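Chains as they are written, first to last, in this note's numbering: chain A, 8 to 348; chain B, 8 to 348.
No lab work stands behind these hints: they were computed from the structure.
Treat the numbers as computed from the prediction; the structure is a model and nothing was measured.
Any given hint could be a false lead.
Pairs of lysine-lysine residues, derived as DSSO-like cross-links and limited to a Cα-Cα distance of at most 30 Å, are as follows [said to hold, decoys possible]:
1. A/K311 - B/K251
2. B/K250 - A/K21
3. B/K21 - A/K21
4. A/K219 - A/K174
5. B/K311 - A/K251
6. A/K251 - B/K344
Between beta-carbon pairs, the in silico distance windows are [claimed, not checked]:
7. B/T130 - A/E52: 37 to 45 Å
8. B/D165 - A/E248: 44 to 52 Å
9. B/H167 - A/C190: 46 to 54 Å
10. B/I132 - A/A192: 21 to 29 Å
Beta carbons are placed, not taken as given, at the ideal position from N, Cα and C, and that holds for glycine.
The primary structure of each chain is shown beneath.
Number of protein chains: 2
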Amino acid sequence: MIIDIHGHYTTAPKALEAWRNRQVAAFGDGTAMPRASELRIGDDELRESIESNQLRLMRERGLDLTIFSPRASFMAHHIGDFAVSSTWAAICNELCFRVSRLFPDHFIPAAMLPQSPGVDPATCIPELVRCVEEYGNVAINLNPDPSGGHWTSPPLSDRHWYPIYEKMVEYDIPAMIHVSTSCNACFHTTGAHYLNADTTAFMQCLTSDLFKDFPALRFVIPHGGGAVPYHWGRFRGLAQEMKKPLLEEHLLRNVFFDTCVYHQPGIDLLTRVIPVDNILFASEMIGAVRGIDPQTGHHFDDTKRYIEAAHVDPAQRRKIYEDNARRVYPRLDAALKGKGR
Amino acid sequence: MIIDIHGHYTTAPKALEAWRNRQVAAFGDGTAMPRASELRIGDDELRESIESNQLRLMRERGLDLTIFSPRASFMAHHIGDFAVSSTWAAICNELCFRVSRLFPDHFIPAAMLPQSPGVDPATCIPELVRCVEEYGNVAINLNPDPSGGHWTSPPLSDRHWYPIYEKMVEYDIPAMIHVSTSCNACFHTTGAHYLNADTTAFMQCLTSDLFKDFPALRFVIPHGGGAVPYHWGRFRGLAQEMKKPLLEEHLLRNVFFDTCVYHQPGIDLLTRVIPVDNILFASEMIGAVRGIDPQTGHHFDDTKRYIEAAHVDPAQRRKIYEDNARRVYPRLDAALKGKGR
Chain A
8 MIIDIHGHYT TAPKALEAWR NRQVAAFGDG TAMPRASELR IGDDELRESI ESNQLRLMRE
68 RGLDLTIFSP RASFMAHHIG DFAVSSTWAA ICNELCFRVS RLFPDHFIPA AMLPQSPGVD
128 PATCIPELVR CVEEYGNVAI NLNPDPSGGH WTSPPLSDRH WYPIYEKMVE YDIPAMIHVS
188 TSCNACFHTT GAHYLNADTT AFMQCLTSDL FKDFPALRFV IPHGGGAVPY HWGRFRGLAQ
248 EMKKPLLEEH LLRNVFFDTC VYHQPGIDLL TRVIPVDNIL FASEMIGAVR GIDPQTGHHF
308 DDTKRYIEAA HVDPAQRRKI YEDNARRVYP RLDAALKGKG R
Chain B
8 MIIDIHGHYT TAPKALEAWR NRQVAAFGDG TAMPRASELR IGDDELRESI ESNQLRLMRE
68 RGLDLTIFSP RASFMAHHIG DFAVSSTWAA ICNELCFRVS RLFPDHFIPA AMLPQSPGVD
128 PATCIPELVR CVEEYGNVAI NLNPDPSGGH WTSPPLSDRH WYPIYEKMVE YDIPAMIHVS
188 TSCNACFHTT GAHYLNADTT AFMQCLTSDL FKDFPALRFV IPHGGGAVPY HWGRFRGLAQ
248 EMKKPLLEEH LLRNVFFDTC VYHQPGIDLL TRVIPVDNIL FASEMIGAVR GIDPQTGHHF
308 DDTKRYIEAA HVDPAQRRKI YEDNARRVYP RLDAALKGKG R
């Protein structure tokens, strides 16, 4: 089985964006917010948005199952306040849940959180609980910078974030560390902010002893770990100067990388440098890079092709495609086993 | 000849740091600043600080010449105001100039600028002129984020920066795009902020048409280009979606990468992905990562070993070691030719 651990609902019906625009405008004006119940999207619309997009490409590429979360760039936690984020997260998470019900063999949900800059992350717990207990979510996306490129929250190693971690450990779910849209003109969202956040999050883990406090906590760093595998020697050297244990021991029981790296040399580096047990298959399709690579004639984000061509043996490839995902996302494994898969 | 285009004076005599501490304290207190003339460092001290450190390692590793600039993390443009930065930059640049006079065969200077957050970069021109005309500097270090991790300046493509670019083009000097210490707790200076800035700067160039306005402008992105070569497919794909020309045409006449990547797989990726004409040898020795890699028994920052082992032919290696540096830094080439080198 091939599990794509990193898919977002980037193709939701336009009514979703229209509702969000009304919400944002109302917050700006101080006028009455639209109610969640005013957003009506039928099952047929949901089906169509998936069948003609993600599911079509999954079938073409031979991917079986996607861990599916709300569109990352639309989380936009910097907009509004906690109430705005809370309503918005509930709507987006419900849509992903509905997709997972419509296509139970192909999608399983992961939750966005109703984060808001300067607001205690503990406020996210009720939505997290609902998503796990009622919607069967197997993971969360945690935004280390709800300010959208101003980086005003404490590092992930700070106790600020511990309420989330405690709940994650209780539920045995991992977090993908994923920022949203940048509202800082310096940072292009998908070309700079995303990759910077990946590198930043890894380094926040490296300099701290977070995983001593939470030995069972698991983070997935998306986009192939940002700059980390390319600079693995730098990170090993920095850890050594800080008298930290070897990275394998210090971080790699808790930190995992996805394969959203959109060319063969990048995937070759990833699989050469990072232990295979820490690499999880993903494409973030349909996402930031949708075109066809003129050098290959295939989609940039068809990452399965790169994994097929990488120098890993069949047992290692199976870990990347399936076994690691089952281990890092135990609720995914349980859900699959519950269906005899 | 092997030219290291990225060295900082990280080993300056302690008196420099003591003077700086007095300056910073005085600014904080509102008391009288120390005068530049109160800092006295003799030639013997300078000689000793270089001979026992950078020059010793250059000889051990077989490096001939280093482009030498003030310590990047000490620039700390976020501290104080323009007057503070101005005095500090003048002192640091003078020291690098003196090192270049004491060891004219081994060091040639590059300048830091007296940047200050919110201050017009045009204010940096007098120091830039002095460093080029009086001190023989062959390049500048340009900090895209003088706020130290808060990213409050406009992107490098903004006209805000044009006065610097006009002077660079007039003098035919490149800029290394190099941030300084992070004062944002989210970003570890050398493990996150440096790499993020490299990626960010590249993306600012990619999304803009800066090099249409300045066809002769040249940027060197340090630390192997941050995350860029590892994600080269992503950047090619993003450029394609933005209807930009191929990156070779859009950016690679103006943007160059150094080899400060501290393990073999990273250098192998760099030389596989980036055209050899855009790769310049560098080590940033003695810098962020000073230890010995237990996997190799050699210093992490002994980047020459990785270039020696990379899959490039002798003519390509010569470009990386020397020819590209002479082309990207014409004043370096002229200075060498003036000595028959």
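Worksheet item: Can you give the numbers of the hints that this structure goes against, from lowest to highest?
Response: 3, 6, 7, 8 and 9
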